[in-house]
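Engineer: As a plain string of letters, each chain reads:
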Amino acid sequence: MARAEAIRKPGGDAPLVRELITPEGVDLRLQLGDAGQRASAFLLDGAFIVLALIVMTIAAIGAAIASGFKEAGAEVALIVWLLGAFLLRNAYFLAFELTPRAATPGKRIMGLRVAARDGGRLTADAVFARNALRELEVFLPMSVLAAQAQSGDVEGWMWLLALIWSCIFVFMPLFNRDRLRCGDLVGGTWVVRTPKRKLEQDLADDALLRLKRFAFSPAQLDAYGVKELHVLEDVLRVRHRATMAEVAGRIRRKIAWVAAPAEDDEDFLNAYYAALRGRLEARLLMGKRRADKHDKS
Amino acid sequence: MAELQLKSWRFRVEREDDWRRLEALLRKAESKSASALTDEEILAMPVLYRSALSSLSVARATSLDRGLVEYLENLSTRAYFFVYGARSTLGSRLQSFFARDWPRTIAGLWRETLASFALLAIGVIAGYVLTGQDPDWFYSFIPAGMAGGRDPTASTESLRATLYGADHDGLSVFATFLFTHNAQVALLAFALGFAFCLPSALLVAYQGATLGAFVWLFVNRGLGFEAIGWLAIHGVTELFAIVLAGAAGIRIGWATAFPGERPRLEAAAAAGKTAGVAMGGVVAMLFVAGMLEGFGRQLITLDLARYGVAAATAVMWGLYFYWPRRREALDGAR
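Order-wise, the sequence lines are chains A and B.
Using my numbering, you'd call the opening residue of the first sequence number 1 and step up by one each time.
Using my numbering, you'd call the opening residue of the second sequence number 1 and step up by one each time.
Please keep in mind that the hints were generated in silico from the structure rather than gathered at the bench.
Computed from a prediction, not measured in an experiment: that's the story for all the values here.
Here a beta-carbon is modelled for each residue, glycine too, at the ideal position from N, C-alpha and C.
Just to be clear, a hint being listed does not mean it is correct.
What the hints assert, rightly or not - Non-contacting residues of chain A with respect to chain B, defined by C-beta distances greater than 12 Å in every case (computed):
(1) Phe48
(2) Leu174
(3) Asp205
(4) Ala223
(5) Lys296
To be verified - Computed list of lysine to any residue pairs in SDA-like fashion (alpha-carbon distance at most 20 Å, straight line):
(6) Lys28/B <-> Tyr84/B
(7) Lys32/B <-> Phe96/A
(8) Lys196/A <-> Tyr84/B
(9) Lys28/B <-> Leu199/A
(10) Lys198/A <-> Glu70/B
(11) Lys7/B <-> Lys196/A
(12) Lys227/A <-> Thr62/B
(13) Lys196/A <-> Thr62/B
(14) Lys32/B <-> Ile109/A
(15) Lys254/A <-> Glu266/A
(16) Lys7/B <-> Ile109/A
(17) Lys196/A <-> Asp18/B
(18) Lys7/B <-> Leu285/A
(19) Lys227/A <-> Val69/B
With the sequences and hints as input, model every part of the structure.
Structural biologist: So, in structure tokens, the structure goes:
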């Protein structure tokens with residue numbers, strides 16, 4: 001089976017990237033969900049649950065009124081409400097995370113999903129353990145808070161200690177680098193990012209054919225490395241006019257390019273991107289990866 | 001430049017259709033379910049997945065189009081989770097759960113179960129003895145809301161009446177409420193185990209103390225035999241479930257506190273899976289207990305019949321969990 005290890009990738013710019021080697025031997029470089037995404041997903045789910053509870057309560061009251069407060073009707077409405085509230089509290093997360101998507105609606109919106117930490121199958125017992133621990137992480141602190149509202153300040157210190165104690169569980173994901181909450185620890189799971197991504201247009205799409213008039217010399221193409229190429233890719237994808245003008249100006253100065261009259265910045269950048277990529281990829285095939293402009297290899 | 005098109009661009013053009021096809025299949029499978037795919041599509045999926053993976057390897061080595069590499073990483077990851085993810089249906093999962101996984105796990109938890117049971121027994125004895133020495137203890141063990149008038153100040157007659165309440169109204173609501181309440185307590189007992197066992201142990205012992213104080217009250221009035229029948233009809237199932245929940249909590253807490261030779265995280269995860277299976281069943285057990293309490297106890301008012309039901313449930317659970325199973329049945333579980 002696949003093996004995943006929590007290894008911090010060199011480079012430091014992506015501390016939430018983890019290695020996951022598939023059985024085919026390819027590293028998928030999983031991205032973990034960060035604390036903000038996790039919290040947003042949970043708040044969304046919480047909102048959905050509360051909304052469902054409100055709808056259910058209104059429906060139950062409606063059913064009780066419709067039955068004219070006869071005993072049988074009201075009783076059934078109450079049973080349905082009690083069971084429904086129980087299921088919402090306990091089965092909502094469980095049922096959604098057992099589907100092939102392994103994500104609640106909140107997680108789906110945030111582009112997250114649950115995965116087994118060892119890279120294997122996500123089993124039902126892992127999902128159960130992960131969600132049963134919510135009792136400790138969510139409902140216990142909530143009842144501690146509610147208890148204060150009831151009992152007044154008689155046992156203020158005890159209450160404070162209980163609050164601190166339960167907060168340790170609430171904020172667990174902030175204390176470890178894999179952003180594991182208690183449930184993840186016990187279930188052997190973690191939450192990874194799998195947002196839906198569209199295949200964007202290749203920026204080198206016939207750029208070389210269309211923009212033949214830009215002929216760069218090898219020396220001009222040796223000015224930059226892979227890092228700068230990726231920055232240029234971002235600039236071209238965002239297509240912010242002022243930024244493109246600024247970047248085009250800098251590149252022209254650096255490579256001593258004499259701009260033709262009325263030369264379009266985007267055309268220039270596009271052509272330079274395609275030519276630079278061609279140059280760097282050709283060297284890549286020879287086994288030389290030029291990391292950035294300071295790389296003299 | 002001699003060649004007007006980039007190699008990486010041609011690479012992409014040649015394989016793009018396969019990627020898009022895989023993406024479409026994934027979207028279909030994710031938005032509906034795996035069963036929405038035709039047989040042909042199911043068969044195509046692993047092939048397309050492997051081709052996407054190989055594209056990813058090639059792209060990482062030869063292409064500097066970051067958009068493309070990130071897209072392929074994302075696509076491969078999604079396909080990986082589909083191809084190697086869980087595919088069994090809920091029905092077959094439930095079947096293997098009740099036929100094998102659950103009783104096997106409970107049997108494997110016997111040490112923790114004994115410990116948890118001992119805690120409950122200590123709680124019962126402590127509750128009984130303490131309340132016997134000073135009836136005021138009763139109020140510290142049993143909150144007024146839960147006692148519902150069954151406290152040392154009540155008359156013997158009114159206590160007797162609570163045992164054979166002829167009032168059948170709202171029975172099913174009562175049963176539902178009991179089930180949800182008890183299940184919540186059991187889940188809490190389990191979750192608390194994470195904090196190194198102690199809270200779980202306390203909760204189980206506290207449940208025992210409540211029980212002990214309650215039994216003392218009735219024994220004191222000469223209603224012991226009747227009260228135990230009243231409790232046992234559902235209590236055998238319910239207390240067993242709470243003992244098991246405590247045992248599951250202890251398993252996790254123990255693994256977290258004393259992981260042995262394995263890393264702490266790994267030990268906690270292994271224990272968590274075992275305990276998770278146990279807990280899934282405990283909720284089902286509490287449902288049965290709620291039914292027995294809500295319906296069985298209110299409808300069966302004959303003491304001996306109540307004892308009979310209690311004994312039957314005890315034998316049934318005992319056999320179900322601890323009856324030795326054949327070897328191959330165990331091996332088939334994994």
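Engineer: What hint numbers does the structure not satisfy?
Structural biologist: 3, 11, 13, 16
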